Amino acid sequence: MQETPSSLQLSPGFRHLWRAHFSARGIDNEFTVFVRAVTQQTAHRNICNVVNAICPYLSPDDLDESYYNLTSAKDLAKEGLSIDIDHRLFETGWQGNRVTNWVEQPVFAVSAPAALFAAWSQARSMSSR
Numbered sequence: 000m001q002e003t004p005s006s007l008q009l010s011p012g013f014r015h016l017w018r019a020h021f022s023a024r025g026i027d028n029e030f031t032v033f034v035r036a037v038t039q040q041t042a043h044r045n046i047c048n049v050v051n052a053i054c055p056y057l058s059p060d061d062l063d064e065s066y067y068n069l070t071s072a073k074d075l076a077k078e079g080l081s082i083d084i085d086h087r088l089f090e091t092g093w094q095g096n097r098v099t100n101w102v103e104q105p106v107f108a109v110s111a112p113a114a115l116f117a118a119w120s121q122a123r124s125m126s127s128r
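Just so you know, we're using numbering that gives the first Met the number 0 here: the sequence shown kicks off at 0 and counts up by one.
Hints are computed from structural coordinates only; laboratory data are not their basis.
It is possible that part of the hints are untrue.
[As the list claims (entries may be wrong)] Simulated restraints on C-beta separations:
#: 1; residue 1: T99; residue 2: D74; range: 16 to 26 Å
#: 2; residue 1: Q94; residue 2: R44; range: 33 to 43 Å
#: 3; residue 1: I82; residue 2: A52; range: 28 to 38 Å
#: 4; residue 1: S120; residue 2: N28; range: 17 to 27 Å
#: 5; residue 1: S120; residue 2: K73; range: 38 to 48 Å
#: 6; residue 1: S10; residue 2: Q39; range: 15 to 25 Å
Quick caveat: nothing in here was measured; it's all calculated off a predicted structure.
Beta carbons: idealized from backbone N, C-alpha and C, even for Gly.
Construct the entire structure; sequences and hints are all you get.
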């Protein structure tokens, strides 16, 4: 993966985002949850709250085990390949120097999700060109 050039930064509203993938019994699909948090501990709590809202039948232990790959936007930007730094938040698979997979079912559990939804839509549409 390529490093993020120091002159490039995530959009201001994306800097404190965290992403995790989750699936649980009773749900056929995997979702990718985005939350805002300053620390990993707060992001963990926020992700658990979202998962609990979607799957209220899960026990506290199951909540912790229902999600994986909790990653900060900063780390996603460093690891990604897209020219647009914001699009790197939605990359999930690579082959060589090409993005091959994107987040498919996002859950934007943030106060203003429109910008995230727009960036996700744009990233996916650019990859199909």
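Consistency of the hints with the structure:
{"no.": "1", "hint": "T99 x D74: 16 to 26 Å", "result": "20 Å, holds"}
{"no.": "2", "hint": "Q94 x R44: 33 to 43 Å", "result": "35 Å, holds"}
{"no.": "3", "hint": "I82 x A52: 28 to 38 Å", "result": "35 Å, holds"}
{"no.": "4", "hint": "S120 x N28: 17 to 27 Å", "result": "19 Å, holds"}
{"no.": "5", "hint": "S120 x K73: 38 to 48 Å", "result": "23 Å, violated"}
{"no.": "6", "hint": "S10 x Q39: 15 to 25 Å", "result": "21 Å, holds"}
The structure shown violates just one earlier hint, number 5.
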